[in-house]
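Grab the two chains, each in its own frame, and use the hints to assemble them into the complex.
First to last, the protein sequences are chains H and E. In this text, residue positions in the first sequence follow this note's numbering: the first is 54, and each later residue adds one. In this text, residue positions in the second sequence follow this note's numbering: the first is 17, and each later residue adds one.
If you are wondering where the hints come from, they were derived from the structure by calculation, not from laboratory data. A hint or two may mislead.
Claimed, not checked - Capping the alpha-carbon separation at 30 Å, the derived lysine-lysine pairs in DSS-like fashion look like this:
id: 1; chain 1: E; residue 1: Lys21; chain 2: H; residue 2: Lys119
id: 2; chain 1: E; residue 1: Lys21; chain 2: E; residue 2: Lys32
id: 3; chain 1: H; residue 1: Lys221; chain 2: E; residue 2: Lys52
id: 4; chain 1: E; residue 1: Lys52; chain 2: H; residue 2: Lys90
id: 5; chain 1: E; residue 1: Lys52; chain 2: H; residue 2: Lys85
id: 6; chain 1: H; residue 1: Lys226; chain 2: H; residue 2: Lys241
id: 7; chain 1: E; residue 1: Lys141; chain 2: E; residue 2: Lys21
id: 8; chain 1: H; residue 1: Lys90; chain 2: E; residue 2: Lys114
id: 9; chain 1: H; residue 1: Lys221; chain 2: E; residue 2: Lys114
id: 10; chain 1: H; residue 1: Lys216; chain 2: E; residue 2: Lys52
id: 11; chain 1: H; residue 1: Lys90; chain 2: E; residue 2: Lys106
id: 12; chain 1: E; residue 1: Lys106; chain 2: H; residue 2: Lys216
id: 13; chain 1: H; residue 1: Lys96; chain 2: E; residue 2: Lys52
id: 14; chain 1: H; residue 1: Lys85; chain 2: E; residue 2: Lys114
id: 15; chain 1: H; residue 1: Lys216; chain 2: E; residue 2: Lys114
id: 16; chain 1: H; residue 1: Lys135; chain 2: H; residue 2: Lys85
id: 17; chain 1: H; residue 1: Lys264; chain 2: E; residue 2: Lys114
id: 18; chain 1: H; residue 1: Lys119; chain 2: E; residue 2: Lys106
To be verified - Partial list, computed: chain H residues near chain E (C-beta under 8 Å):
id: 19; residue: Thr60
id: 20; residue: Tyr61
id: 21; residue: Val68
id: 22; residue: Phe75
To be verified - Simulated DEER-style distance windows between Cβ atoms:
id: 23; chain 1: E; residue 1: His213; chain 2: H; residue 2: Asp164; range: 52 to 58 Å
id: 24; chain 1: H; residue 1: Ala81; chain 2: E; residue 2: Trp188; range: 52 to 58 Å
id: 25; chain 1: E; residue 1: Ser84; chain 2: H; residue 2: Glu275; range: 56 to 62 Å
id: 26; chain 1: H; residue 1: Val73; chain 2: E; residue 2: Lys114; range: 25 to 31 Å
id: 27; chain 1: E; residue 1: Leu185; chain 2: H; residue 2: Leu133; range: 48 to 54 Å
id: 28; chain 1: E; residue 1: Phe176; chain 2: H; residue 2: Glu275; range: 42 to 48 Å
id: 29; chain 1: E; residue 1: Ile85; chain 2: H; residue 2: Ala81; range: 24 to 30 Å
id: 30; chain 1: E; residue 1: Ile181; chain 2: H; residue 2: Glu275; range: 45 to 51 Å
id: 31; chain 1: E; residue 1: Lys32; chain 2: H; residue 2: Tyr61; range: 52 to 58 Å
id: 32; chain 1: H; residue 1: Ala81; chain 2: E; residue 2: Lys32; range: 25 to 31 Å
C-beta atoms are modelled at their ideal positions from N, C-alpha and C, and glycine is treated no differently.
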Amino acid sequence: MNKQGNTYTLIYTAVMVIVVAFILAFAAIGLKPAQQKNIAIDKMSQILNSVNIVSTPENAQELYGKYIDDSFVVDANGQLVKGESFSMNIADQLKLPESQRTLPIFICTDDSGSPKYIIPLSGAGLWGPIWGYISIENDGNTVYGAYFAHQSETPGLGAEIEKPQFQKQFQGKHFFIDGAFMPIAVEKAGRKPQNGADYVDAVSGGTITSKGVQSMLQSCVEPYAQFLESLNSKNI
Amino acid sequence: MLSKKNKEILLGPLSKNNPVIVQILGICSALAVTAKLEPALVMAVSVTAVVAFANVIISLLRNTIPNSIRIIVQLVVVAALVIIVDQVLKAYMYQVSKQLSVFVGLIITNCILMGRLEAFALSHKPWESFLDGVGNGVGYGIILVIVAFFRELLGSGTLFGYQVIPQQLYDWGYQNNGLMILPPMALITVACIIWVHRSRNKDLQQ
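Isolated chain E, as found in the complex (with noise of 0.2 Å):
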């Protein structure tokens, strides 16, 4: 079932491929749902459902598609999907929609979503498409955890909501950094993150 070619299709994104730290799409959503980690993994489980799904259709649909609707034909499939997750999102974990608000919405824009579609769903078959779409996913979920779990440590003390950083360290003065709460830290993390990944990867330098 996972051959060699599809195993790197699945393993690919999540490092020397990543849609975020390599391929730099999608930052849009990296920074604003990051402050806290709760939005994010639901962000990154979202997107995840999205792209794949969205992947398999396109891929299924690929030999019918007329060639000069094709963007349209893939907006409408992510546009459809996204309300779909919006819609199950609210019926079911409305404080973590009432957070997202918009940025769900706003998984129609995510790049990566139209760049998998029209670069590898239009010409592969659905199960290599599936696992992309699961791969590019989880590779752009990983990022926005990680982000997300320095944010909201360094900027509230918290994880998951949790208090982790003990109370003697604040008697002592330590003080919560409100700039990580902020969007530019994002970036900021984001570009770290880069650095560490390009300086493991040698191969990715420029």
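Pulled out of the complex, with its shape left as it was, chain H reads as follows (with noise of 0.2 Å):
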């Protein structure tokens, strides 16, 4: 057959498609369950990270076991019941209408044995996916502490919203102010919100990351309000 001919190069291009096609398939199938046991250790290590519990890749799912409680969803009345949390995906709930959303929220209870409660956030940054969690304390208004993590912002602008330094501001912040729910701002250093709501000072250069850090408080925690004020009075 004539090699330099259309037609075995059409031939040739097809088999070797197929052949393709079917190794990347088998590689993928064979690695899947490896590969998701890897995405859950790095979730729990995410949401160790937000009640400022450092773990490694080899402790965390130990970590996890010992201080996070069984998991818990938030109904649309604002009441605790039981339920899997660990693989809802917030970004897909608040889609929904408010009545038919169950939020994920997991309870971690430390050495000190006073719980910690911790709510899944997901937004939008300037190039790509934003996501953290952040956990509050008993009285459903204290912020206990907060991890933020990101697809594709600029190393070193928007990227910083993942270094602790960034994150620590937000501990011991508030999310009522008299009693009203307002979400955390993240304001230019040295401005303060007019509305009187709680701060903290903002990536320098990162502007659009920050602003991202401040819907996403905004969008994903209001929905927990009533119950993080149901909460509150229970035990104040």
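Here you go:
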């Protein structure tokens, strides 16, 4: 057969593509369980990070089992009910109408014995998605710790949101001012939000990412407001 | 098994014919993944594996590949191997794969690969192509590791994540050089390596 002819080239391409597709499909399916385990462990270590527990891939599972209690969800009425929250995606839940939402929440009982409530966050930065977890103390108001991560923010600018210096600022801030829900604002250093909400300093040079963090705190924590309020009146 | 000619194919790229510091190929990834030693080493191993096996596969197919689509065939082979490497890293070295993120995918566009496939594998037997791939991968890896060594040591005071600069020095006022972490210093470090290398190999000077 003429090796430079069109027929040969076409057949060659077709065979090559099919063979490669099979090899890749087998590789993807064969390695999937191990990959998913890694993703789950990574998620556990992110959740632990938000309650200021540093973990390594080796001990994340053990620490998660030790500190994070059974999983719960918050239903549309702001009630805590049993349910599987780990595999839940907050972004999907927020798209549903309010009455159908079940919101994931994680409860951490650390060495001090008082529970912390961990709320997953999901939003948009400048170049891609940003996400995180924020933990709130038993009074349903004070932030205990925060963790943010991003997919593709600019290193040195927007990507600074994953640094502890930025995340530590959130500790001790409040979500309720005089009984009204006010998300923590991310403001340019030296400025204060006009509505009197608690605020942290934004990342300099990372304005859009910082705004993304602020609107993520608003959109992802607000649906929990009712639950946090009831927590507050129960425990104070 | 290793005739004189094969030895040269294997060892040439380590110094006299180094892909990074003599042919100036693969610079992009050399500056992107060298802020720390660990990702640099993983990148070096990944590129070596991909270039060696891509060389063998292309060399085995070299008599069947239609000339008009040879670049496409090379790309498909390289892309398939890179995806497999990426999947294996995600399954067994998740932290490293998070750090390397897009750069594993970018191995596909690493000039060293296409250069070796086009210049060597298309016209040589599989065993020689394999040696050529290993030689070039290791030659690339050596430079990556040298650059990463200096950048991590001076930029973070650590090697492979372990603190090597004693705390006492910091107490006396020593500071990590933050500039070493940024990409420009990778280019300057590579340039210094080229300088040392050229001054020792007069025949490379023009």
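Outcome of the hint check:
| no. | hint | verdict |
| --- | --- | --- |
| 1 | E:Lys21 x H:Lys119 | violated, 61 Å |
| 2 | E:Lys21 x E:Lys32 | holds, 15 Å |
| 3 | H:Lys221 x E:Lys52 | holds, 25 Å |
| 4 | E:Lys52 x H:Lys90 | holds, 26 Å |
| 5 | E:Lys52 x H:Lys85 | holds, 28 Å |
| 6 | H:Lys226 x H:Lys241 | holds, 17 Å |
| 7 | E:Lys141 x E:Lys21 | holds, 13 Å |
| 8 | H:Lys90 x E:Lys114 | holds, 14 Å |
| 9 | H:Lys221 x E:Lys114 | holds, 23 Å |
| 10 | H:Lys216 x E:Lys52 | holds, 17 Å |
| 11 | H:Lys90 x E:Lys106 | holds, 10 Å |
| 12 | E:Lys106 x H:Lys216 | holds, 23 Å |
| 13 | H:Lys96 x E:Lys52 | holds, 24 Å |
| 14 | H:Lys85 x E:Lys114 | holds, 16 Å |
| 15 | H:Lys216 x E:Lys114 | holds, 16 Å |
| 16 | H:Lys135 x H:Lys85 | holds, 29 Å |
| 17 | H:Lys264 x E:Lys114 | holds, 25 Å |
| 18 | H:Lys119 x E:Lys106 | holds, 26 Å |
| 19 | Thr60 | violated, 10 Å |
| 20 | Tyr61 | holds, 6 Å |
| 21 | Val68 | violated, 10 Å |
| 22 | Phe75 | violated, 10 Å |
| 23 | E:His213 x H:Asp164: 52 to 58 Å | holds, 56 Å |
| 24 | H:Ala81 x E:Trp188: 52 to 58 Å | holds, 53 Å |
| 25 | E:Ser84 x H:Glu275: 56 to 62 Å | holds, 60 Å |
| 26 | H:Val73 x E:Lys114: 25 to 31 Å | holds, 26 Å |
| 27 | E:Leu185 x H:Leu133: 48 to 54 Å | holds, 52 Å |
| 28 | E:Phe176 x H:Glu275: 42 to 48 Å | holds, 44 Å |
| 29 | E:Ile85 x H:Ala81: 24 to 30 Å | holds, 26 Å |
| 30 | E:Ile181 x H:Glu275: 45 to 51 Å | holds, 47 Å |
| 31 | E:Lys32 x H:Tyr61: 52 to 58 Å | violated, 40 Å |
| 32 | H:Ala81 x E:Lys32: 25 to 31 Å | violated, 41 Å |
Taken one by one, the earlier hints fail for this structure at numbers 1, 19, 21, 22, 31, 32, listed in ascending order.
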